[in-house]
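J.: Letter by letter, the chains look like this.
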Amino acid sequence: MRYFLRRLGFFLVTLWAAVTLNFLIPRLQPGDPAEAIVSRLAGQSQAVDPAQVEAVRKMLGTPDGNLLQQYGDYLSAVVAGDFGVSYTYFPYTVTHMIGQGLLWTVILVGVTQVVSFAVGTLLGAWAAYRRNSRVDSVITLGSTFVGTLPFFWLALLLIYVFAIGLKWFPEGGGYGGGSNPGWNWLFISDAFQHSVLPAMALLIVGPIGSIMGMRNNMVQTLGEDYARLARAKGLSRRRIALTYGARIAILPNVTGFAMALGGLLGGTLLVETIFNYPGLGRMMLEAVSSHDYPLMQALFLYITIGTLLANVLADMLYGVLDPRVRREEAV
Amino acid sequence: MRRHHLHLGAAMAVAVTLTAAGCTGTSGTAGSGRTADGLIDYLDYGDFGGGSAPQANYNPYNTATALGPTHYVFETLAVYNTTTCKAHPWLAAKWQWTDPKTLVLDMREGVKWNDGRPFSAKDVAFSYQLLKKHQALDSSGVWQHLSSVEATDADTVTMDFEKPGLSVLDRVLKVPIVPEHIWSKVKDPVAFTNAKDPVGTGPFGVKSFNPRELRIERNPDYWQADRVRVREIRFHKNDGGGTVDQLKLSRGEYDNNAIFVPDIKKSFVDRDPKHNRYWYPPGGSISVQMNLTKAPFDDQKFRRALTTAFDREKVINKGQLGYVRQASQTGLVVPGQDKWLPDGLKDKGRIGYDRSAAAAALTAAGYRKDSEGRRLGKDGKPLSFTFMVPSNMTSWLPSGEIVVDDLKALGFDVTLETPTPEVGNNDRDTGHFDMMFGAHGGTCNMFLNFSDPLSSKQTAPIGKPAPSNFVRWKDGETDRLLDDLQSAPDVAAQKKAIAGLTEVMTEKVPMIPLWYGAKWFQYQTDKAVGWPNNENPYAGPGDHMLIVTHLKPAGG
Chain E
3 MRYFLRRLGF FLVTLWAAVT LNFLIPRLQP GDPAEAIVSR LAGQSQAVDP
53 AQVEAVRKML GTPDGNLLQQ YGDYLSAVVA GDFGVSYTYF PYTVTHMIGQ
103 GLLWTVILVG VTQVVSFAVG TLLGAWAAYR RNSRVDSVIT LGSTFVGTLP
153 FFWLALLLIY VFAIGLKWFP EGGGYGGGSN PGWNWLFISD AFQHSVLPAM
203 ALLIVGPIGS IMGMRNNMVQ TLGEDYARLA RAKGLSRRRI ALTYGARIAI
253 LPNVTGFAMA LGGLLGGTLL VETIFNYPGL GRMMLEAVSS HDYPLMQALF
303 LYITIGTLLA NVLADMLYGV LDPRVRREEA V
Chain C
3 MRRHHLHLGA AMAVAVTLTA AGCTGTSGTA GSGRTADGLI DYLDYGDFGG
53 GSAPQANYNP YNTATALGPT HYVFETLAVY NTTTCKAHPW LAAKWQWTDP
103 KTLVLDMREG VKWNDGRPFS AKDVAFSYQL LKKHQALDSS GVWQHLSSVE
153 ATDADTVTMD FEKPGLSVLD RVLKVPIVPE HIWSKVKDPV AFTNAKDPVG
203 TGPFGVKSFN PRELRIERNP DYWQADRVRV REIRFHKNDG GGTVDQLKLS
253 RGEYDNNAIF VPDIKKSFVD RDPKHNRYWY PPGGSISVQM NLTKAPFDDQ
303 KFRRALTTAF DREKVINKGQ LGYVRQASQT GLVVPGQDKW LPDGLKDKGR
353 IGYDRSAAAA ALTAAGYRKD SEGRRLGKDG KPLSFTFMVP SNMTSWLPSG
403 EIVVDDLKAL GFDVTLETPT PEVGNNDRDT GHFDMMFGAH GGTCNMFLNF
453 SDPLSSKQTA PIGKPAPSNF VRWKDGETDR LLDDLQSAPD VAAQKKAIAG
503 LTEVMTEKVP MIPLWYGAKW FQYQTDKAVG WPNNENPYAG PGDHMLIVTH
553 LKPAGG
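Residue numbers (our numbering), protein chains in the order written: chain E, 3 to 333; chain C, 3 to 558.
Be a bit skeptical, because a hint or two may be false.
As the list claims (entries may be wrong) - The list that follows gives simulated cross-link-like pairs (lysine-lysine, DSS-like), each with its CA atoms no further than 27 Å apart: (1) K176(C) to K60(E); (2) K169(E) to K268(C); (3) K267(C) to K169(E); (4) K268(C) to K60(E); (5) K267(C) to K60(E); (6) K60(E) to K498(C).
These aren't lab readings, by the way, just hints derived from the structure by calculation.
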């Protein structure tokens, strides 16, 4: 119990620090959002109209009070879940905008991450089980090779081959212009069609971490004394691999998986940008480049909370999966 | 299950291929895509704004976040051709000055809102009052100039100005007019998205919207419906920062777009030389701007010497891919604003490249070269400064390199700085720079063209953000001429003041214009003809009302 409470306390302190940093960092950034918005509208080579900048500044409003008061307002707003109005999508609220991107990211990244974890762990376990065999070399060398390829290059290659060359899938976007977003068959099939390439890109590189982690851990656990004892007892190789090797080797991978799920809220910036996927990652990039502080803050906060929560969950899960952790803490 | 998926994928792949083929098919055949009553069935246009996740917003006063096609729904009292600056009476059928501060406008008859209610002068007065009450909506600052706007009867609007109003007429007449019977019920017009069936007087209404595509359809009851020959316009979200859109353009998927395309001739025109065209009319001037609070830039002779130092031809052909034209030192955009040029000016104020003349003038002004070829300041120390191009201004960067090379050739120690846009804009606003590029002018409002970059009211001390006079030009004569221009009661007085301002530009050289920023405009003539171009500049690329009332079906 004490272990769990301690974890929880640690979570709260980290959360407070993250929330505070989240308040401070945008305020330390140079630049005027109103001017950024207007000059982007005007285009690269056109003069900016000061009257328009002034109107936009009035539209966005300026924060009231000194920094301490602003901090107080910010904290109470965060607790109430009110992140204000987005600058780039005025007058739509930040909550509305995040709602627009959340589902896309959760489905695309969530599904590919679960699949990547499962596939990666299985492949890693298989490679360790048949270590130094041909299977092992194919898996290990193969994933090392793919891992060295730059991700954006891989993604662009996919677009070039499957979207521009073969024209099997669209070049980007979450859905086509003609479809009507909602729960109708036409839209869902269209969205599926659009998700194939980004999912493929994520699935190619996704399992690598789990493969390498799982294989190395398991090779190590299979060399431990208890594994040797099990072998001496005459247990089958398969049983040793699964219950003695894999079960212990999977622990660090669980942490990695939990972290990845936590970061999921931020979307995968690169993949969403390359494929113009309407998720949170691309929204975050846009928010940063256009000084959309409210949107930026809310997104960062989501990511932070997501990662912290995932961490706590992983810690708790650890306690359940591995009795040693609980005991060591108690001593 | 797996098999099922594969089938699904294959089926959809086929469907997508078919649609794509269908698109190119219609777009490639001349004269097709017409409705029975002789209208163009639909046209494909480029981006409609609203960021990467656009949300429905048709509030014409939210200029920063409303979707672009809002401009087809709402109309203004007058429409200006931004290339020639000719005014077209629009919702106002005509207007006249009863005295220099009072304008009386007669509203057009037979105009209806697209919900069937009649349009009247009261709607106009209401719209202007709305901006007075909510300054956040007044994005062209009309209430800086107006003192009152009233509907004197159902067809007449009277506007009173603080000062003689001629110099700000175009700005004041460009306010979108909204229906009083709807907007008077809106609680907070600043945060009003007007997302559902926006009511306007314009030639089009919103048909459908999703974040990837926006369709608008012809308003059959429009007051000049006979001039609108397009049934529907489809705007497509531009994503991928341009490369995907460039590809789509070269495939012929757009009837009209306004994007930057490297090597437009090869990637677009040559694909279908019969139908694919482009026209890049000049926008504002792009100038070499110097921090006039620092030596040696505060020396008029120094600045004048530099006017011949830059190889503008190279800047235009190499730095700007030949898409732009050389700028006049007067600050005017020639030839569009030729009528304001003072008499007897050589080559409309365009200055040639003459490095040796620049070097001689510098030496004569007291900036000698030392034995190592370094150009010295008046204090005898080598001159060293930076040239700033923010890293996001990718289209300016190659020109920046040429300018820096030209300066180095004169013996200056110049470094090209490429800060992030945030830092760059902040340094520019607060005056922490030596030399940089700046865009100014190019609109139809001659007063603002000169006052934004040159008025002492538009500047600020070093360290404080300046609204638009970043070079910090403070000159009594300039301010006096700007006052004259602002309160000029007639064209002759405007002309005199502008001539004076152009002389400030050529004699005192507060900045050195190099080229005119281009406005991108690509179009295809297979479905629609009558686009504006160099031969017939009846509209600028952004003057949608003028363009859409001039388009005709191809082949008839």
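J.: Of all the hints numbered above, which does this structure not satisfy? Sort the numbers upward.
T.: 4, 5, 6
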